[in-house]
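Undergrad: Keeping their order, the protein sequence lines are chains Z and U. Numbering of the first sequence is given in the working numbering, commencing with residue 1 and proceeding in unit increments. Numbering of the second sequence is given in the working numbering, commencing with residue 1 and proceeding in unit increments.
Simulated from the structure, these hints should not be mistaken for laboratory data. Just so we're clear, the structure is a prediction, and the values are computed from it rather than from any experiment. Ideal Cβ positions, reconstructed from N, Cα and C, are used throughout, including at glycine. Errors might be hidden in some of the hints.
Claimed, not checked - Examples of chain U residues lying across from chain Z (beta carbon under 7 Å, computed): (1) Asn-143; (2) Gly-156; (3) Gly-189.
What the hints assert, rightly or not - Simulated restraints on C-beta separations: (4) Z:Gly-89 / U:Lys-262: 40 to 48 Å; (5) U:Gly-309 / Z:Gly-435: 53 to 61 Å; (6) Z:Ser-123 / U:Lys-121: 56 to 64 Å; (7) Z:Gly-199 / U:Arg-346: 51 to 59 Å.
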Amino acid sequence: MALYLSKSGKLLPHFKQKICSLGMISLSSIGSCFSQNPPLSPEDGKTPYAAPAHHPSLFASRRFGSVKAEKLASITNTGDSQALNFPGGIVKFTPELKFLADLPEERIHCYRVLDESGHLLTSDFVEIDKDIAVKMYEDMVMLQTIDTIFYEAQRQGRISFYVTAAGEEAINIASAAALSMDDFVFPQYREAGVLLWRGFGLQDLANQCFGNVGDNCKGRQMPAHYGSKKHNYFTVASTVATQIPHAVGAAYSLKMEGRDACTITYFGDGGTSTGDCHAAMNFAAVLEAPVILFCRNNGWAISTPVSDQFRSDGIVVRGQAYGIRSIRVDGNDALAVFSAVHMARKMAISESRPVLIEALTYRAGHHSTSDDSSKYRPIEEIEWWRAAQDPVARFRKWLEIQGWWRCESDTELRDRARQEVLNAILVAEKTEKPGLGEIFTDVYDFPPSNLRDQEKSLRQTVERHQRDYPHFQL
Amino acid sequence: MAAALLHGVGSTTPLSSVNYNNSRRSLPGYVVHERKRASFLIQCYGSLLPGSKIGINRAAKLSTNAVTTKQDNVTASTTSKPGHELLLFEALREGLEEEMERDPRVCVMGEDVGHYGGSYKVTKGLADKYGDLRVLDTPIAENSFTGMGIGAAMTGLRPIVEGMNMGFLLLAFNQISNNCGMLHYTSGGQFEIPIVIRGPGGVGRQLGAEHSQRLESYFQSIPGIQMVACSTPYNAKGLMKAAIRSDNPVILFEHVLLYNLKERVPDEEYVLNLEEAEMVRMGEHVTILTYSRMRYHVMQAAKTLVNKGYDPEVIDIRSLKPFDLHTIGNSVKKTHRVVIVEECMRTGGIGASLTASINEHFHDYLDAPIVCLSSQDVPTPYAGTLEDWTVVQPAQIVATVEQLCQ
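Sequences and hints are given; from them, build the entire structure.
TA: So, in structure tokens, the structure goes:
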């Protein structure tokens, strides 16, 4: 208890102060617990944060209050019920031996704006400009085209691996559209659309998949493991859910700087079972970090259906378990996703808190090119979701109703997209692969002696046995 | 083959040595030893290559004198300002505090590091001074807060992650191996991870098997990270500062039993080289390589050996990844006999790697097989007597040297 309550320290002025009561603690007792430290001089130019000594009234939140022991009264009498100031706060007693239900009576409702035929179901959504809406649609179509063609390219043996975002185009593009370029994105691997929206080119995508010299990751990662510092999109790692603590850490960094930006991290239903996910969500809440935790609940983790993944009502209910605001949205509804992310971003930044969004959707493609999902789920199911709940078609219908898109433009758009993608692949295929030296760079900031030795040794070997290394660029 | 490699290792560029010489003269009051290795120092340090602005600053602050035998300390203190006495944990804290003062991006995260001051008091008082956000108390989730540190590092902060005990960082192995060590590489150099992961490890006094882990064994294979082990207040402070300033992920191994060592450290600011080994005692007969707590067992054995007429050269390797093969090599060429004394277990420890490395590079210079003294491949037992027997004791070291030098 002492550990929890006796935290004290200087507060940074940009940090939102929440004055909340801890049982019988009064504000005056908290104020007196703080010493007035001399402020750091702004002239030294080193610290962007001034000392909070001139904001004494903003002191005292649960995190930073140091409590004098005698101020804690142990029992409050409120009529016939009693309460106790346990560690963590006042709790009322109950005489009933009753357990909380494992599941809510009804599943948490799902926020939806557009129906399958593109008609608005509500006026409670965030309006989008025509330009943004059209760009969203074009990018969704481009994403579909990229996925189709790259998948084919893998089947033809031109690239070794690929993951598609089939069925999740709205999640990708609409969430990206609701963010600003300053927001940090920590993706899992099914969010290439976010990068596409931010301006990562087709050629860049293709180069990464082919691992050639044009790849800004220098041929170091598997296809579809994109990363671009310029676009604030952090390199995809194959490890599941490790990006969630990273996002919380980055949010912590943004909070320290007081920047008008948040982080967003994407993960699937499967990823929520990991230890990293739990710990990161808990931590985001405790730290009050401005992070959007976006769960793409698409029903499948490779061959594991959600019924084998967890027994809770999806992910949205976990928000409350951690003290995080959460919402469930229709992941195939671009407007719903856009609105939710837009509002979440606002909350995250202005109130410095994490927000959990669960987007219900369906993984219309296979897990990856190494998977054949017809082995564990009926083809009719896949086909139904792909056709009836296609997020791209639904958004197009809405655009047409708005008068912002014509049916005829579609063929032209898709043809053009197809040509561009095919061309990007052709170019990427012909581009040479990185040279031998790139094996050893970027392990550290500068190669240490052992790596330089190893490079030398490798070069000698390749030179000596050139016939055995025909494709090797030296 | 060995000769060719050595040649590569020893070469330097003239420009680098000029930088270094300038920097040596700029440090007041230090006893500067004329060492041929000086110019190589820059080569292996890497960041002092021309064109690197960080390198020039670092050169100015490098301590040229890493020798910390008693005599040298005395000379250093009389020719320079007297310095001040510190316990090792205070030295770590002083280094940490100086870096936090110097760079507002430096922050600390770990369990009980805030108002509690850390389980070994390394962060005591820092939360009061810098606030709860910069000295962050975390929930018990090593994988999470190590991941957090990595995320924060990628976006511009310079976090120091404290493992309450190094053994707990086994929970963070995934983040350390797959992300910390890798993301700089897999992102094509776009994202840097200037994180420092530190904590107490090693065999203590009856702490039980789970709290007596030697994590350097497990981490040494991870590409992309650097590992250093401190053993004296002087090198603890210097290595802490160097680790924080490094743009690579660095794991700083402290030892549970060494936190209360007292030593006089200079008043002036100094930063040590992460890749450099420390010559503890010069000698002619045998090279004894060690690090962390075993250094003290070795020095105790050295006293006995000297009385018996032997002249051991003792090197605290300090840099566990990469090894300072230059210092080690020069010593091997001189003495032709090597004993490695470590606390790691026999299988797969630092000693095992070091043995392989020396054999590979300096085989021609060895007059006898390398002897590696390490702990047995058992979990550390609780009982005091049993625990003592699993750790290498001075008597063993003396016996080994005697046998080797026959």
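Undergrad: It remains to establish, for every hint, whether it holds in the given structure.
TA: Comparing the hints with the structure gives:
1. Asn-143: Interface hint status for Asn-143 of chain U: holds (5 Å vs cutoff 7 Å).
2. Gly-156: holds, 6 Å
3. Gly-189: holds, 4 Å
4. Z:Gly-89 / U:Lys-262: 40 to 48 Å: holds, 45 Å
5. U:Gly-309 / Z:Gly-435: 53 to 61 Å: holds, 56 Å
6. Z:Ser-123 / U:Lys-121: 56 to 64 Å: holds, 60 Å
7. Z:Gly-199 / U:Arg-346: 51 to 59 Å: holds, 55 Å
The structure shown violates none of the earlier numbered hints.
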